[in-house]
Amino acid sequence: MAGYILKRLLSAIPVLFGISVIVFLIMALIPGDPATAILGSFATPENVERLNADLGLDKPKWQQFFIWLGNMLQGDFGRSFALNRPVLDEVLERFGATLVLAGTSFVLCSILGIIAGVISAANQYGWADKGITFVVLLGISIPSFFLGMMMILIFAVQLRVLPASGMWPIYGDHNLWVLLRHLAMPALALSVVATGVIARLARSAMLEVLRQDFIRTARAKGVHERGVVWRHALRAAMVSIIPVLGIQAGFVLSGAVYIEVVFQWPGIGRMLVDAILRRDILLVQGGVVFVAACYVLFNIVVDVAQSMLDPRIKT
Amino acid sequence: MSAFLKLLARNRLALGGLIVMGIVVLLAILTPVLPLADPDVTNTADRFQPPFSGAGLLGTDHLGRDLLSRLMWGTRLSLAVGFAAALLAATIGAAIGIVAGFYGGRTDNIIMRGVDMLMAFPYILLALAIVAALGPGLMNALIAVAAVNIPFFARNIRGITVGIAHKEFVDAAKLSGMSNARIILTEILPNVIPVIVIAMSTTIGWMILETAGLSFLGLGSQPPQADLGSMLGEARSALISNPHTSVVPGLMILVIVMAINLLGDGVRDALDPRLKSGALNRPLPATLVAKDRKPAPEHAPGILTMSGLETQFHVKDRVYRAVGGVDLAVKPGEALGIIGESGSGKSVTALSVMGLVASPPGLITNGSVRYEGTDLVGAPYETLRSMRGRAVAYIFQDPLATLHPLYKVGDQLIEAIAAHRRIGRDEGRKKAVELLEAVRIPNAKSRVDNYPHEMSGGMRQRVGIAMALANDPEVIIADEPTTALDVTVQAQILSLLDDLRRDRGLAIIFITHDFGVVGQLCDRVAVMYAGRIVEEGPTRAVLDAPQHPYTARLIACVPELGQGKRRLEAIPGLPPVVDKLPEGCAFADRCDRVHADCRRGHIPLDGSGGRKVRCLYPVNLREAAE
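First to last, the sequence lines map onto chains A and B. Take the first sequence: its position 259, counted from the start at 1, is 258 in numbering that gives the first Met the number 0, and no numbers get skipped. Take the second sequence: its position 144, counted from the start at 1, is 143 in numbering that gives the first Met the number 0, and no numbers get skipped.
Honestly, I wouldn't trust all of these hints.
[Stated by the list, open to error] Partial list, derived from the structure: chain B residues whose beta carbon lies under 8 Å from chain A: (1) Pro121; (2) Leu127; (3) Ala131; (4) Ala132; (5) Met257; (6) Gly388; (7) Ala415; (8) Tyr450.
[Said to hold, decoys possible] In silico BS3-like links for lysine-lysine, alpha-carbon gap of 27 Å or less: (9) A:Lys129 <-> B:Lys315; (10) B:Lys5 <-> A:Lys129; (11) B:Lys290 <-> A:Lys129.
In short, the hints are calculated from the structure, not lab data. By construction, the Cβ of each residue, glycine as well, lies at the ideal position given by its N, Cα and C atoms.
Could you build all of it, start to finish, from the sequences and the hints given here?
Okay, here's the thing in structure tokens:
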């Protein structure tokens, strides 16, 4: 197992390298002179030149890339102009908040999605199946930012049961209960789409498995239908559900950008949007590379989980 | 194509989606000519007018602009941008995919590596990075959304192209000296375009959502121009005081995306052949029983008695009579063989006993299966379940498929016991080891912790038998348990079953297509053909002097050792398809002694002294008489 993990970690290196190349190439799309873009069009030529030298922008592109990559490997992601602090500090701080939100959502959508999918498959063409199918369709069609706004309207404005925005109250204690109350709406709104996608997949994976011979064996043994569905079929279906969970994690992370904006959640998605609007390029660049790298590592965790679940995979 | 459209039309939800989408698109196209107020004219005196208030049908927004007009123009813009993004992504992605798939080799390798790399990103990071580089704006948002979807198209189209690039007509084009570019344009492209269109139709809703999202964040369309996303983004600051300005564009996005999703699902379902054939139906916990079934009267000669059993498969409007009225009985300690070709209905007969025929499409339409007098057909689920494995246990063919691949064999054995009585972890394990030892698995103590894939075929089959023995059943139904095994292992399994029968007084129903196996194990044998028993009797008697021509031909098919001179006789023709059974004898078309009256009316299973045959001109009787 340790060997397998190591192998997967090593295989991530070219991917991470590729990601940094892609981000670097995209940033090279910036029209005109980056220093001008950073300092604004009223900057003096001397300042522009100084900044260019500071940033190493007078060197050839490929040199710039390796300097940038080397710095990142040493934990130096550059400095945010707008915030006047190291990019990595800001990214790490914001990423923590995103992790709380996206992590909760991910757990939520995995559990809800799988349960809904299994119930749907077990009652194929029945009322439960039709109901779930409809809700799922609604869920994957509604824009999460619109859903979030409607939730604020209902639960914060009309019913006044949950705080409308933020991660912590401006005044008062920081405890788990307060966090959960702030987390409830954004986490739910964020998980809706992924829940729908997972439920659909879980349903078809279950239907695929329920026709297999070993299900008939379980029934022939006298295993109760509950056990047949939840123990035998789901266990086998998980083999094809788990990889999709990995993909959905990426979608949850993506959706977090909208939800963070709607609920004023101090996460990395909102930071990126603000940074783009302020043209704080280094912050965008650092944030993107950092989150992408975390996502790649997360997918390794998924692969390892997969190999633990399926003894047939050679580790 | 027309069949496809018909299928799509039959899916009412998809049709609904199509209609809604059609209306929305039509309105978007007509927007410039409709009598709408100018969407960009502000009137701060009339800010935030509610809907139906006289100031426009939907009221006004935070700058007093007519909301209906803005909605229409915004919808038009959102649709256009979503469609353009889908088209852009599809074109570039398809081009990349075709090149990679057509040229293959290193080109393919490098391109697909790049595509995989792009897919390693959560899509929004890529989109945000692109917008960050190009600057906010609707065109840039469009480019970003298209760009993040290119890998999806590239990968799909590559897969299709690889399949086509090795077809004969492409080879022919190459041999005729056509240039690669021409082959791609004239041979490949026409074949992938339908796939591109379908992929587009399923992603366009997604693209509309994504561009709306970027606009919502303020990274897409810039004021005063507004798509649905930026309308929603602008309305957000007035969400609490004037929710209608948010609800209107939000609902519009929901309606559009939902209509597209419905349509996309309909297209996907219409194209999936498995849905049509019902192959994706979930088999119910127990086989369905027809409401008008006539249970057979109670006169049970054996421990397990089937009388007049009929099982059918209903697929679309065809009815396959897999089992057409079977009467069979076994006594304790007796081994009964059921023999027949593939498709003769022997397995379905066996599975009908405990309601294990996959249903739908399976349906028990008539007859009874009595276990110690209780009719199992139509019995409540819980009754059936409590008897499965405990009263009647099964051994299936091919234990690689019939054992759960992800549980240790020991756990599967324990589960079989736990299904019928409480058993602790330690006791269960002890019992599992005992069971494995009973079927003569060496190192049973360590084998309990094996997964099925870690065992040989013979070992797995023994596990299957051990599982059947777990609850000391009275009857074991073995469905071709030795077919997948080599001869020596087969002999071991057979002698094992024979010992178990003698030691435990088990009744065994043994299903096979092999007379050798029947001769080794069974006291009696029933020969099945096209869902019916055509001959039944003591094994020796049937083997020595078969009466039904079919049985005779079947026995003639078995090669015998040391008799090299005898001609092996294959039976000409194929068994009839059980959805169009001929009248009279089902074997008539393949029989070399067929008479005219063989094709008329019902032929009963007749005979005396335990020997029965369903034939008007039985073989050895007539020979004996002559």
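Hints and how they fare:
no. : hint                  : verdict
1   : Pro121                : holds, 4 Å
2   : Leu127                : holds, 5 Å
3   : Ala131                : holds, 4 Å
4   : Ala132                : holds, 4 Å
5   : Met257                : holds, 4 Å
6   : Gly388                : holds, 4 Å
7   : Ala415                : holds, 4 Å
8   : Tyr450                : holds, 5 Å
9   : A:Lys129 <-> B:Lys315 : holds, 21 Å
10  : B:Lys5 <-> A:Lys129   : holds, 23 Å
11  : B:Lys290 <-> A:Lys129 : holds, 26 Å
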